[in-house]
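Given the structure of chain A, go ahead and fit chain B onto it with the hints provided.
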Amino acid sequence: MRLALSGARGPLAATVTVAAVTALVATPIGVVVARIGADSGGLWEHLAQTVLPDYLRNTLWLALGVGVLTTGIGVATAWLVTLCRFPGQRVFRWALLLPLAIPTYLCAYAYTDLLQFSGPVQSWLRATFGWTAQDYAFPEIRSLGGAIVVLSLGLYPYVFLAARTAFVEQSVCVLEVGRTLGLGPWRSFARIALPLARPSILAGLSLVLMETLAEFGAVHYFAVDTFATGIYRTFTLPDRHALTAAAQLSACLLLLVALLLGVEALARRTARFYSLSTRHRALPSWPLSPLRAALAIGACSLPIILGFVVPLVVFALKTWRGGDARARETFLEIGRNSFVLALGASLLAVLLALFVACGRRLRTTPITRLLARTAGIGYAIPGAVIAIGVLIPMAWLDRRLGDLLSPFGVSAGLLLSGTAFAVVYGYQVRFLAVSLNLLQASMTRIRPTLDDAARMLGRSPLRTVASVHLPMLRGSLFAAALLVFVDVIKELPATLILRPFDFDTLAVRVYQLASDERLAEASTGALAIILVGLIPVIVLSRMLDRSRPGGVGGSVPTPNTDNVFGAADGAPEVAP
Amino acid sequence: MTQTASGEHQGLRVRGACRRFGVFVAADHVDLRVRPGAVHCLLGPSGSGKSTLLRLIAGLESLEQGSITIDGRVVADAERALHRPPEDRAVGFVFQDYALFPHLDVRHNVAFGLRRGSRRDRHRAADRWLERVGMSSHATAMPHTLSGGQQQRVALARALAPEPRIMLLDEPFSGLDDHLRAAVRKTTLEILRTTGVATLLVTHDPREALLAGDVVSVIRDGHIIQTGLPSEVFDHSATRSVAEVFGPVNAVEATVLGGHVETPWGRFAAPDQRDGTEVEVHIRPSAIELAPTDSATSPDGGLRGRILRARIEGALARLVVALDGTASSDPSTHLKCYDLARRSWREGDTVQVTIPPSAAQVRPRPSTRGDE
Numbered sequence: 019m020r021l022a023l024s025g026a027r028g029p030l031a032a033t034v035t036v037a038a039v040t041a042l043v044a045t046p047i048g049v050v051v052a053r054i055g056a057d058s059g060g061l062w063e064h065l066a067q068t069v070l071p072d073y074l075r076n077t078l079w080l081a082l083g084v085g086v087l088t089t090g091i092g093v094a095t096a097w098l099v100t101l102c103r104f105p106g107q108r109v110f111r112w113a114l115l116l117p118l119a120i121p122t123y124l125c126a127y128a129y130t131d132l133l134q135f136s137g138p139v140q141s142w143l144r145a146t147f148g149w150t151a152q153d154y155a156f157p158e159i160r161s162l163g164g165a166i167v168v169l170s171l172g173l174y175p176y177v178f179l180a181a182r183t184a185f186v187e188q189s190v191c192v193l194e195v196g197r198t199l200g201l202g203p204w205r206s207f208a209r210i211a212l213p214l215a216r217p218s219i220l221a222g223l224s225l226v227l228m229e230t231l232a233e234f235g236a237v238h239y240f241a242v243d244t245f246a247t248g249i250y251r252t253f254t255l256p257d258r259h260a261l262t263a264a265a266q267l268s269a270c271l272l273l274l275v276a277l278l279l280g281v282e283a284l285a286r287r288t289a290r291f292y293s294l295s296t297r298h299r300a301l302p303s304w305p306l307s308p309l310r311a312a313l314a315i316g317a318c319s320l321p322i323i324l325g326f327v328v329p330l331v332v333f334a335l336k337t338w339r340g341g342d343a344r345a346r347e348t349f350l351e352i353g354r355n356s357f358v359l360a361l362g363a364s365l366l367a368v369l370l371a372l373f374v375a376c377g378r379r380l381r382t383t384p385i386t387r388l389l390a391r392t393a394g395i396g397y398a399i400p401g402a403v404i405a406i407g408v409l410i411p412m413a414w415l416d417r418r419l420g421d422l423l424s425p426f427g428v429s430a431g432l433l434l435s436g437t438a439f440a441v442v443y444g445y446q447v448r449f450l451a452v453s454l455n456l457l458q459a460s461m462t463r464i465r466p467t468l469d470d471a472a473r474m475l476g477r478s479p480l481r482t483v484a485s486v487h488l489p490m491l492r493g494s495l496f497a498a499a500l501l502v503f504v505d506v507i508k509e510l511p512a513t514l515i516l517r518p519f520d521f522d523t524l525a526v527r528v529y530q531l532a533s534d535e536r537l538a539e540a541s542t543g544a545l546a547i548i549l550v551g552l553i554p555v556i557v558l559s560r561m562l563d564r565s566r567p568g569g570v571g572g573s574v575p576t577p578n579t580d581n582v583f584g585a586a587d588g589a590p591e592v593a594p
Numbered sequence: 055m056t057q058t059a060s061g062e063h064q065g066l067r068v069r070g071a072c073r074r075f076g077v078f079v080a081a082d083h084v085d086l087r088v089r090p091g092a093v094h095c096l097l098g099p100s101g102s103g104k105s106t107l108l109r110l111i112a113g114l115e116s117l118e119q120g121s122i123t124i125d126g127r128v129v130a131d132a133e134r135a136l137h138r139p140p141e142d143r144a145v146g147f148v149f150q151d152y153a154l155f156p157h158l159d160v161r162h163n164v165a166f167g168l169r170r171g172s173r174r175d176r177h178r179a180a181d182r183w184l185e186r187v188g189m190s191s192h193a194t195a196m197p198h199t200l201s202g203g204q205q206q207r208v209a210l211a212r213a214l215a216p217e218p219r220i221m222l223l224d225e226p227f228s229g230l231d232d233h234l235r236a237a238v239r240k241t242t243l244e245i246l247r248t249t250g251v252a253t254l255l256v257t258h259d260p261r262e263a264l265l266a267g268d269v270v271s272v273i274r275d276g277h278i279i280q281t282g283l284p285s286e287v288f289d290h291s292a293t294r295s296v297a298e299v300f301g302p303v304n305a306v307e308a309t310v311l312g313g314h315v316e317t318p319w320g321r322f323a324a325p326d327q328r329d330g331t332e333v334e335v336h337i338r339p340s341a342i343e344l345a346p347t348d349s350a351t352s353p354d355g356g357l358r359g360r361i362l363r364a365r366i367e368g369a370l371a372r373l374v375v376a377l378d379g380t381a382s383s384d385p386s387t388h389l390k391c392y393d394l395a396r397r398s399w400r401e402g403d404t405v406q407v408t409i410p411p412s413a414a415q416v417r418p419r420p421s422t423r424g425d426e
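From first to last, the protein sequence lines are chains A and B.
Residue numbers for the first sequence follow the working numbering, so the first one is 19 and each next one is one higher.
Residue numbers for the second sequence follow the working numbering, so the first one is 55 and each next one is one higher.
Just chain A, with the same shape it has in the complex (with noise of 0.2 Å):
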């Protein structure tokens, strides 16, 4: 059937890339799914009879809180630095991304450092108002309300992302219709702005939840038991039922968070309806007074302080005073480790979100659309159950192996589990979205007429990739590698389930020193993630400015991404 093979909706063998891509990365979830009736030796009984309700109830409460609270900060301070005008406005429309550099962990070791009782601000309450310990009542940090502002600080930038770029995107007709009949700034932004940008706010949102539910280092410092934490615990459980325990666990997870992209889902295609209008001229800003403008300001700043400045202030401070100078040699080592295990990770994730959206152009058919749609759900699976998804089935390959080398005399040992592959795989699984969402939202950039001219100047569809695809998509392709670059520098709890046995990058080592106590040590490390975090926030950014629907060019972060036909708007796509 040569219709079929190489008909007019592309050659076959693109499915076949795209489907092959797709099950590599749902392989890990299919198998936890799959463990779901496996026999656990009544570790599982005993689990749900213990702490399953306090995990429930403790993720229930974070995500509750974690959601108020970033929607409050996000959406105000969007709407602040989108529509009104006010000294710093343009600084703070950047800025207000900050805190998304640093990893919500490192977050929670500045600020236990910062509060706890032999912290520097309690002990200046105590030397200046001569106070002892039982004068006087202190929040404590270590606990669910502590975890729910530190990772609000963290995570707020996604829904301000969110909001912003609803807000921008908004017709400005729209709101001058608002105004026409009678209302004022405050009310065209409670009655039409806001509305209008729900649904974008809530896929923000929903950004945020899943990010809750997957955190792991700062809700483990803080000593609050959730899920994820639970199945890191449940997994180091001297049992040999504990990877199925660990798995029967995620899978209880796996149904919260299946809840919350099915309100993204629904979220995402409200949002598509409510572009109104394609005729967009400079947004309007409203003036402030003075005094509104210097509140302005203030609740700018206080999210930037707060997540970004303080936290990376007091880690500039021990890195200063000593740091890792003493294990000078070891951080080089693991630094070493982290960027090549990094380098590698994101390299394969672009090779392969290329293979899912290159295939996905060459033959458009609800199946690839469903199947490369597929292809991204990692990124809304806690790094934990993706970490215990992996090491299942590697665990039985290298039975398997075993099995198949021991009646020749080679110990196999583990072959795949424990090493680099494991982890890279895990990194795939978790991260192949944040390429694949990138490289895709260009190509949809790429009008499909230059395909069509290609083909119809004597290129195979392969030819017309490499010939036109690609030197169009150089530019993300080189983004999409930075971004997921930086996320595996980041990365902790399937870092720290999978990684070969004495090998630690900076984030398991961070995360050691500081759970020993050693934050002066874990400072040096915690810098440098945070650094290392600053770069895609800088792209992301002038991403952002440039997305502006007849705003100035601004500057391109790469060459080539941009094109005469379509400035980027794949800003959103990028946020995760």
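Mixed in with the good hints, there may be bad ones.
What the hints assert, rightly or not - Derived, one-sided and incomplete: chain A residues facing chain B with beta-carbon distance under 7 Å:
#: 1; residue: Thr-467
#: 2; residue: Leu-468
#: 3; residue: Asp-470
#: 4; residue: Ala-471
#: 5; residue: Arg-473
#: 6; residue: Met-474
#: 7; residue: Gly-476
#: 8; residue: Arg-477
These are computed hints drawn from the structure, not numbers from a lab.
Just so you know, these numbers come straight off a predicted model, no measurement behind them.
All residues carry an ideal CB built from backbone N, CA and C; glycine is no exception.
Chain B in isolation, oriented as in the chain A frame:
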């Protein structure tokens, strides 16, 4: 149309092409033939399936029924499940948005389809084509720096450079300003005719189709209603819907009696219709002649009327005339006419109206035979 012996196997031949998208019928048993050196215009409103037909011929969509032959070689045949990929059809395509590769300069765009010869040969060939379209001075420019007309010329050179057997043009002038369009169209058609390629040009603009086409096909709902010389299609439209593609039509219903029909606008011959046949009489506004009532050249059988409305539309004036003896309050008897604007008709003027016998077309009513 007569077919010359040399044209038998050359050019483009489409037989019984069908293609649906869900319930939407984009191509419905389309038959088409384009001879080398001819420009064949495919005229239809948006959504009539004209672009789909181009994509079927190009191989960008696959046929469900029928076959397509290019220069005697079958490139698609649904019955044999044969579908040659687009790159294997020797077809040139000019896209509506030109589809210039934004990452390549003009010369590399034109050379993109050239695969044989050394790099230098290919670039020299590209430069030759750029010269033919008058874009030599822009060889190193990037596409986004070009104007619409310049982009169109580069797109044309790029499509022609590999010397395709047939050329497909999808609304190639619709992105251009009015004043630019005529000039670009003229040069484009000149180049196409000198290359001797068989050209199929899609447009929704009836004037463009009549001006540009050696042959015009009117397509609607995926089906070709009429194919013919521009004058045939315009003067002897096969159906009312074809006639209305080219502008408003005066239409009135009547019954044949003794080989004639009586209408409010006069008596017309209906030689091919039996008595009692329900017919529709169509009169093209441009075929009606108007003269001042005091005119000495008052022809026989002339009618008198009064101008109800006069609107100037460029060189022509669009008039509505109520004939004497008809109720001026009944709009269905009003005659729509065109006349030269410089004759400055005014509303209320009385005029001498002449309808040449050839201007009226008598067709069976759709209700009795069904509109094709």
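Going down the list of hints, with the structure as the test:
Nearest Cβ of chain B to the Cβ of Thr-467 of chain A: about 4 Å, under the 7 Å cut. The hint holds. With 7 Å as the threshold, the beta carbon of Leu-468 of chain A comes within range of chain B, its nearest partner Cβ sitting at about 5 Å, so the hint holds. With 7 Å as the threshold, the beta carbon of Asp-470 of chain A comes within range of chain B, its nearest partner Cβ sitting at about 5 Å, so the hint holds. Because the closest C-beta pair between Ala-471 of chain A and chain B is about 4 Å apart, less than 7 Å, the hint holds.
The beta carbon of Arg-473 of chain A comes within 4 Å of a beta carbon in chain B, closer than 7 Å, and the hint placing it at the interface holds. Taking 7 Å as the C-beta cut-off, the interface hint given for Met-474 of chain A holds, the closest approach to chain B being about 4 Å. A hinted interface residue such as Gly-476 of chain A counts as satisfied when its beta carbon comes closer than 7 Å to some beta carbon of chain B; here the least separation is about 5 Å, so the hint holds. The closest approach between the C-beta of Arg-477 of chain A and any C-beta of chain B is roughly 6 Å, which is under the 7 Å cut-off, so the hint is satisfied.
In terms of the numbered hints stated before, the structure departs from none.
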